[in-house]
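S.K.: Chains as they are written, first to last, in the working numbering: chain A, 91 to 262; chain B, 179 to 568.
Check the hints yourself; a few may be wrong.
[Unchecked claim] Footprint (simulated), chain A over chain B, 3 or more residues, beta carbon under 8 Å:
hint : region
1    : 413-419
2    : 456-469
[To be verified] Subject to a maximum C-alpha distance of 20 Å in a straight line, what follows is the list of computed SDA-like cross-link-like pairs (lysine to any residue):
hint : chain 1 : residue 1 : chain 2 : residue 2
3    : B       : Lys458    : B       : His445
4    : B       : Lys458    : A       : Leu116
5    : B       : Lys557    : A       : Asp160
6    : B       : Lys557    : A       : Leu116
7    : B       : Lys552    : A       : Glu217
8    : B       : Lys557    : B       : Asp225
9    : B       : Lys187    : A       : Arg105
10   : A       : Lys242    : B       : Asp533
11   : B       : Lys458    : A       : Ser159
12   : B       : Lys557    : A       : Ile222
[Said to hold, decoys possible] Some but not every residue of chain B turned toward chain A, in silico, with C-beta under 10 Å:
hint : residue
13   : Asp361
14   : Ala410
15   : Arg555
Since the hints were made in silico from the structure, they are not lab data. We put the CB at the ideal spot given by N, CA and C, even for glycine.
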Amino acid sequence: MSIPRQVTRPNHSARTLARGLGWLSLGLGVVQLLAPRQVTRFIGMPGSETMVRACGLREIATGVGILLSDDPRPWIYGRIGGDALDLAGLGWSIERGDQPAGAALAAGAVAGLTALDVSCARGLDAERVPSIEWDYSDRSGFPEPPTAMRGKAEAELTSARAEPNGFPPVLH
Amino acid sequence: MRALRWHGKHDIRCDDHLPDPTIEDGRDAIIKVSSCAICGSDLHLYDGFMPGMQHGDIMGHEFMGEVMEVGKDNNKLKVGDRVVVPFTIVCGECEQCRRGNFSVCERSNRNKDVADKVFGHATAGLFGYTHLTGGYPGGQAEYVRVPYADVGPVVIPDGLSDEQVLFLGDILPTGWQAAAQCDIQPTDTVAVWGAGPVGQFAIRSAIMMGAEQVVCIDNVPERLSMARAGGAITINFDEESVIERLAELTRGKGPEKCIDSVGMEAHAARSIDSMYDRAKQALMLETDRPHVLREMIYVCRPAGILSIPGVYGGLIDKVPFGAAMNKGLTFRMGQTHVNRWTDDLLRRIQEGQIDPSFVITHTVSLEQGPEMYKTFRDKHDGCIKVVLKP
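Whole structure, please, built from the sequences with the hints as guidance.
M.R.: Here it is, written out as structure tokens:
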């Protein structure tokens, strides 16, 4: 039998995707933190190394949050917010930077990741949709109430049989 | 024939036109499978946590059916017998088998050399499991070759349905052995982690062995409702502190006996140690997540017993062994010595003391098996136990 009741279930696909995004965040963050000059040169924003380092710290923080949290949902939304900031910055660089092609390439990659982030967030949101909870309170497996079944097995004999050498040597 | 085969992590397929098994040894038998089940241990293979799987391996170690063919040296079975086949393959003749330690049979693991290297000494061959345990084709298939079939298979008398006896091959004796290993006294509190099928049988076994109270810890509502139906007090670890609630139920002394029916894939993700395990697992520095083991060591009353039917596959980390040693805890564990218990449990089923079919929530065809792996893994649709009909 079943009774409809609000329960939530983990969405394993979304959680697997979230873990992947978490590792990606960590990787990107480390690159931005350790090689900001190369990043700014690629996207045509020389002199913005401090900002790139800050973005790297943000990526590492969200990556760690996603990987170590029981509920990665807020961290994934954090990533979406970060994606919006990145896209705004890259848009500026496409317009006014000295490497519009590199910035456009980076913007395309960020847009792709944003799509993944949104898909992941939707999957995690779906965990909150109520599903039917089943009630198995009529499935005891016993012919009588459990209280009446207490002690039906000969505990001493059963325990003796569980000993490493407690089984009679003759099998057949 | 058709069979469910492992093609990689999260990739189980129902493949057709596979060759039927044949007799390879005089003691063999060929079984036409009438019912088989997906076990929680199968999920460790599905999720890619067990080493030694190969592309195309036939899954499944819980099965029963009709004997179709018998080897020339097999004097126990005859064509037409209805049998339940234990998941452990046992020769019945080696020193361990003679002592009743069937799950560590010294002869049935045909990949003994590899297993010796990994575990120090090989354990028994198992159906449908990794090549570390012999790589034998499993029972989620239309036909199975059963080696040493003059020892393991349990002949089922008329009048019992498949659903009543199928679990004699694994999860019923596993839950029973878990409780029996606890040496239960009438004043004992037995705490059972995990309300999956093995946990459900462990609860009922502990009740039948006379425990004063049985406490079950899980976070899946329908599983907890089934645990309560079997006589357990339940703790939902998402809603309350396991440690505080167990202390309250035992006047602060802790349960005398603890059963880990969870094993390597603990999902108590909110605890710090679980985050640590996940991080180490992701970095491949640890294979198993032993949250339950740590919690049991912490809460168990000094001089208590920890019984571990839950499967662990490799390496675990940060286990508080100092606490275990100083509290004088006894650890008892292992794959189940199925044939130790089958005669006794079959009698109890026949007498109506327990009907193991209560745990079945889904019965589907073999073709639906792959999707049921996911349903079972995700605990969707109220899924607790899946039976497949080839």
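S.K.: So, for every hint listed, does it hold in this structure?
M.R.: Each hint, compared with the structure:
Proximity of the region 413-419 of chain B to chain A, defined as three or more residues with a beta carbon under 8 Å from a beta carbon of that chain, is not established by the 0 residues found. Coverage of the region 456-469 of chain B by chain A holds. Counting CB-CB distances below 8 Å, 3 residues qualify, and the rule asks for three or more. A hinted pair counts as satisfied when its Cα atoms are at most 20 Å apart, and lysine 458 of chain B with histidine 445 of chain B qualifies at roughly 15 Å. Among the hinted pairs, lysine 458 of chain B with leucine 116 of chain A is consistent with the structure: their alpha-carbon atoms are about 15 Å apart, no more than 20 Å.
Annotation: proposed proximity of lysine 557 of chain B to aspartate 160 of chain A holds, straight-line Cα distance about 18 Å (limit 20 Å). At most 20 Å may separate the alpha-carbon atoms for a hinted pair to count; lysine 557 of chain B and leucine 116 of chain A exceed this at roughly 31 Å. For the suggested pair lysine 552 of chain B and glutamate 217 of chain A, the alpha carbons sit about 16 Å apart, so the restraint of at most 20 Å is met. In summary, the hint linking lysine 557 of chain B to aspartate 225 of chain B is supported, as the alpha carbons are separated by about 14 Å, within the 20 Å threshold.
At most 20 Å may separate the alpha-carbon atoms for a hinted pair to count; lysine 187 of chain B and arginine 105 of chain A meet this at roughly 16 Å. Between the alpha carbons of lysine 242 of chain A and aspartate 533 of chain B the distance comes to roughly 14 Å, so the proposed pair stays at or under 20 Å and holds. For the suggested pair lysine 458 of chain B and serine 159 of chain A, the alpha carbons sit about 14 Å apart, so the restraint of at most 20 Å is met. Between lysine 557 of chain B and isoleucine 222 of chain A the CA atoms are separated by roughly 12 Å; this keeps the pair inside 20 Å, and the hint holds.
The closest approach between the C-beta of aspartate 361 of chain B and any C-beta of chain A is roughly 4 Å, which is under the 10 Å cut-off, so the hint is satisfied. A cut of 10 Å between beta carbons decides the hint on alanine 410 of chain B: the least distance to chain A is about 8 Å, and the hint holds. The restraint placing arginine 555 of chain B at the interface with chain A holds, with a minimum CB-CB distance near 7 Å, inside the 10 Å limit.
The structure is inconsistent with the numbered hints 1 and 6, although it conforms to all the rest.
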